[in-house]
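Residue numbers (the working numbering), protein chains in the order written: chain A, 1 to 115; chain B, 1 to 110.
These are calculated hints, taken from the structure and not from any lab test. It is possible that some hints are incorrect.
Computed footprint of chain A on chain B, listed as stretches where at least three residues anywhere in the stretch have a Cβ under 8 Å from a Cβ of chain A [unchecked claim]:
#, segment
1, 32 to 45
2, 95 to 105
When the alpha-carbon atoms are kept at most 20 Å apart in a straight line, the in silico SDA-like pairs for lysine to any residue are as follows [stated by the list, open to error]:
#, chain 1, residue 1, chain 2, residue 2
3, B, K2, A, N59
4, B, K42, A, L88
5, B, K42, A, G40
Just so you know, these numbers come straight off a predicted model, no measurement behind them. Every residue gets a Cβ at the ideal spot worked out from N, C-alpha and C, and that includes glycine.
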Amino acid sequence: ETGVTQSPTHLIKTRGQQVTLRCSSQSGHNTVSWYQQALGQGPQFIFQYYREEENGRGNFPPRFSGLQFPNYSSELNVNALELDDSALYLCASSLVGGGWDNEQFFGPGTRLTVL
Amino acid sequence: QKEVEQDPGPLSVPEGAIVSLNCTYSNSAFQYFMWYRQYSRKGPELLMYTYSSGNKEDGRFTAQVDKSSKYISLFIRDSQPSDSATYLCAMSATGNQFYFGTGTSLTVIP
């Protein structure tokens, strides 16, 4: 069984740039959630994708957008980067409808630094 | 008021001690409850998952949910130095959007 993987591991961008983060879900999972974790804080829910559709969104502006692909992998895109976007971005996958609904398994994260 | 409150610690205990970690919440609709362990600069690792109220035990770990008090706990028995990490509680009403506590930093001293 393959766990959740994320790329890249680290990323440095400047203010105003755009970034794309990638996530491969755990084998057999059909749902991907993205979280932002600032230093010393708990993860904050950005949005979730189920069957390639957005299935819930947290309190993040529209410049945070996402995609889920037919193989259930996912991308998080952030436009017009701001300094406060510096954080660990976590992807979590889960299986909805398989008897173990909603258990979310996290990847190692992508650490984004905005200068 | 935050959806989930968690004492950030830090908490320091001797090896072999029983550790009690707690979270309180305000949303009575929460019914999915999880505990995660996170090592420095790593992603959270799922420890326990509980639906609705009650207790759940897995090895040295016991999770308790008291929905009437809006209070959840994680107990770690016979704590080990390898248990040193940040522990995060997470909860949800719908099972898709999870709300996390800020995490409690635990150090187990050999």
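Hints versus structure:
With 8 residues having a beta carbon nearer than 8 Å to a beta carbon of chain A, the segment 32 to 45 of chain B meets the requirement of three or more and the stated coverage holds. With 9 residues carrying a beta carbon less than 8 Å from a beta carbon of chain A, the segment 95 to 105 of chain B meets the three-residue requirement, and the given coverage holds. For the proposed pair B:K2 and A:N59, the alpha carbon gap of about 13 Å is at most 20 Å, so the pair holds. Taking the CA atoms of B:K42 and A:L88, the gap is near 9 Å; set against the 20 Å cutoff, the hint holds.
Proximity of B:K42 to A:G40 is assessed by CA-CA distance (about 13 Å); at most 20 Å being required, the pair is judged to hold.
Comparing the model with each numbered hint stated earlier shows that all of them hold.
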